[in-house]
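Line by line, the protein sequences give chains A and B.
Okay, so the first sequence: first residue is 1 according to this note's numbering, each after it adds one.
Okay, so the second sequence: first residue is 1 according to this note's numbering, each after it adds one.
No lab work stands behind these hints: they were computed from the structure.
With a straight-line cut-off of 20 Å between C-alpha atoms, the simulated SDA-like cross-links for lysine to any residue are:
#1 A:K86 to B:F206
#2 B:K265 to A:E114
#3 A:K99 to A:F125
#4 A:K86 to B:S146
#5 A:K86 to B:R208
#6 A:K86 to B:P205
#7 B:K265 to A:L120
#8 B:K265 to A:G119
#9 A:K86 to A:T118
#10 B:K166 to A:Q54
#11 B:K265 to A:T118
#12 B:K166 to A:P55
#13 B:K166 to A:P92
#14 B:K166 to A:R93
#15 B:K166 to A:L13
#16 B:K166 to A:T44
#17 B:K166 to A:A52
#18 A:K86 to A:Q106
#19 B:K166 to B:R144
#20 A:K86 to B:A212
#21 A:K86 to B:S207
#22 A:K86 to A:G123
#23 B:K166 to A:L53
#24 B:K166 to B:L70
#25 B:K166 to A:G51
#26 A:K99 to B:S146
#27 B:K265 to A:Q116
#28 A:K99 to A:G170
#29 A:K86 to B:W145
#30 A:K86 to B:V215
#31 B:K166 to B:V67
Covered by chain B, per the in silico footprint, the following chain A stretches (three or more residues, Cβ under 8 Å):
#32 48-56
#33 62-71
#34 81-87
Calculated from the model, a selection of chain A residues having no Cβ within reach of chain B, i.e. all distances over 12 Å:
#35 M1
#36 T17
#37 N21
#38 I31
#39 G108
#40 S121
Note that CB positions come from ideal geometry on N, CA and C, so glycine has one too.
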Amino acid sequence: MNLVEISDLSLRLGGNTVLHNIDFEICPGEIVTIVGPNGSGKSTLLRVIVGALQPASGRVDRRDRLRIGYVPQRLHIDATLPMTVKRFLGLPRRVGRDKVRVALEQAGVPDLGERQMTGLSGGQFQRVLLARALLDHPDLLILDEAAQGLDQPGTARFYRQIEDVRRSFGCAVLMVSHDLHVVMSASDRVICLNGHICCQGEPEQVASAPEYRALFGEGTEGALALYRHHHGHRHDHLCDDTGERPEAAQ
Amino acid sequence: MLDDFMVRAALAGLGVALAAAPLGCFVVWRRMAYFGDATAHAAILGVAISLALSISVLACVLTVSIVMALTVSTLSGRGYAMDTLLGVLAHSALAVGLVAVSFVSGVRIDLMAYLFGDILAVRPYDLAIIWSGAVLVLILIGWRWSALLTATLNQDLAYAAGVDPKREQLVLIVALAIVVAVAIKVVGVLLIAAMLIVPAATARPFSRTPEALAVIAGLIGGLASLAGLLAAYRFNTPTGPTIVSVAAVLFLLSTLVSALRVAQK
Numbered sequence: 001m002n003l004v005e006i007s008d009l010s011l012r013l014g015g016n017t018v019l020h021n022i023d024f025e026i027c028p029g030e031i032v033t034i035v036g037p038n039g040s041g042k043s044t045l046l047r048v049i050v051g052a053l054q055p056a057s058g059r060v061d062r063r064d065r066l067r068i069g070y071v072p073q074r075l076h077i078d079a080t081l082p083m084t085v086k087r088f089l090g091l092p093r094r095v096g097r098d099k100v101r102v103a104l105e106q107a108g109v110p111d112l113g114e115r116q117m118t119g120l121s122g123g124q125f126q127r128v129l130l131a132r133a134l135l136d137h138p139d140l141l142i143l144d145e146a147a148q149g150l151d152q153p154g155t156a157r158f159y160r161q162i163e164d165v166r167r168s169f170g171c172a173v174l175m176v177s178h179d180l181h182v183v184m185s186a187s188d189r190v191i192c193l194n195g196h197i198c199c200q201g202e203p204e205q206v207a208s209a210p211e212y213r214a215l216f217g218e219g220t221e222g223a224l225a226l227y228r229h230h231h232g233h234r235h236d237h238l239c240d241d242t243g244e245r246p247e248a249a250q
Numbered sequence: 001m002l003d004d005f006m007v008r009a010a011l012a013g014l015g016v017a018l019a020a021a022p023l024g025c026f027v028v029w030r031r032m033a034y035f036g037d038a039t040a041h042a043a044i045l046g047v048a049i050s051l052a053l054s055i056s057v058l059a060c061v062l063t064v065s066i067v068m069a070l071t072v073s074t075l076s077g078r079g080y081a082m083d084t085l086l087g088v089l090a091h092s093a094l095a096v097g098l099v100a101v102s103f104v105s106g107v108r109i110d111l112m113a114y115l116f117g118d119i120l121a122v123r124p125y126d127l128a129i130i131w132s133g134a135v136l137v138l139i140l141i142g143w144r145w146s147a148l149l150t151a152t153l154n155q156d157l158a159y160a161a162g163v164d165p166k167r168e169q170l171v172l173i174v175a176l177a178i179v180v181a182v183a184i185k186v187v188g189v190l191l192i193a194a195m196l197i198v199p200a201a202t203a204r205p206f207s208r209t210p211e212a213l214a215v216i217a218g219l220i221g222g223l224a225s226l227a228g229l230l231a232a233y234r235f236n237t238p239t240g241p242t243i244v245s246v247a248a249v250l251f252l253l254s255t256l257v258s259a260l261r262v263a264q265k
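Please model the entire structure based on the sequences and the hints provided.
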């Protein structure tokens with residue numbers, strides 16, 4: 001069964017409808033990326049899936065005993081709160097020393113266990129967050145712009161790691177990202193969100209969809225240099241299709 | 001042994017320090033200092049109600065503190081300017097409480113005892129209440145410790161891990177009300193927040209983990225209570241304020257030591 005199924009969801013925050021008519025599902029092992037402009041409700045949708053926000057209407061079904069590993073967009077640790085990396089990994093459930101060591105090795109930061117969280121660099125911090133999210137062997141890994149603040153090689157390494165993680169854990173990955181070029185090539189499915197789901201499908205389909213181009217412009221074509229093949233698929237998702245679809249990106 | 005008022009006072013001070021330390025850590029980490037103030041100040045209203053209705057001070061203070069804390073935490077989620085709101089509530093609660101006490105006729109009470117505490121007048125019965133409350137708070141915080149920490153770090157992270165931050169907030173509110181109710185006799189409503197915040201802030205430079213901070217804060221709180229009690233006895237000063245003054249001196253020392261350590265690096 002699908003890990004998460006959302007049907008006809010709408011959500012209001014502070015009097016504004018942030019999300020409406022959302023139908024969404026994610027299958028085991030799938031890598032799904034949500035793209036969309038600022039304020040399009042990307043993080044909000046993730047927070048709904050995590051359970052932090054309750055929808056105004058619609059259904060959110062999670063598979064029984066679904067384990068979610070969550071890497072938030074920002075994690076501010078107050079300077080008054082002392083926290084070693086080791087202790088952080090053991091929240092909310094304590095884990096053994098060996099598990100901590102393995103998790104840190106997997107995340108590529110083996111020697112940080114005794115360091116203070118507030119003393120880590122941006123890249124180290126994100127890797128520790130990833131290590132914590134993976135400790136419980138999640139069925140679904142959720143990343144909210146997890147590579148924000150990393151430089152380009154750092155970002156590339158981070159996403160390569162995500163792919164490794166998917167391969168070794170077999171978990172599904174759901175992420176929000178602005179790094180279109182990285183994300184689009186690594187995803188099985190891309191969802192273009194702007195309050196509602198504008199279009200979705202395989203990366204190359206989405207990149208050539210008029211809804212996507214309306215949001216991101218033509219300049220993102222280079223992001224899809226990897227995909228040179230044409231396809232005859234015509235998608236008819238929730239949005240109003242504006243007639244002729246342009247050719248796939250060359 | 002309990003016949004000696006100094007022994008009873010010392011035990012009372014230790015009890016409050018022990019309960020206030022771990023709770024105070026969360027008050028500091030979650031930036032709830034004003035929240036603690038509002039809850040503590042509301043207690044004086046509880047005292048007025050208990051005098052007017054001739055019912056137990058403890059029950060009234062507990063109830064009013066919980067109501068105040070719930071009000072604040074409900075309003076905080078609704079987009080009010082929190083800092084201002086807490087300032088308004090904390091001081092209005094105190095003012096209204098003082099006015100209400102003055103309305104209660106026929107009873108002459110020593111208001112100062114409620115404002116600044118009267119640790120030397122602690123009876124064996126009070127001691128039983130204080131230690132029951134302290135043990136209850138320690139059990140409550142100890143039981144929820146990891147969940148509370150997770151919720152303190154990040155709400156979404158907590159939800160994803162199956163921890164409900166709203167429930168943990170409620171745990172803190174109840175614990176805070178209990179501490180206020182038992183500490184009123186020892187340091188009084190005006191200085192309860194100090195017993196929460198100062199030991200935790202003092203312990204920060206010497207702690208690498210949250211658990212270490214809570215334990216060290218407990219030691220510092222206990223030390224301040226005992227040293228403050230002795231100093232008050234020796235110099236004939238009001239006990240509650242003396243305890244808090246000692247804690248403040250310890251904070252100053254800790255800040256100096258950590259500044260020196262940074263300078264040496």
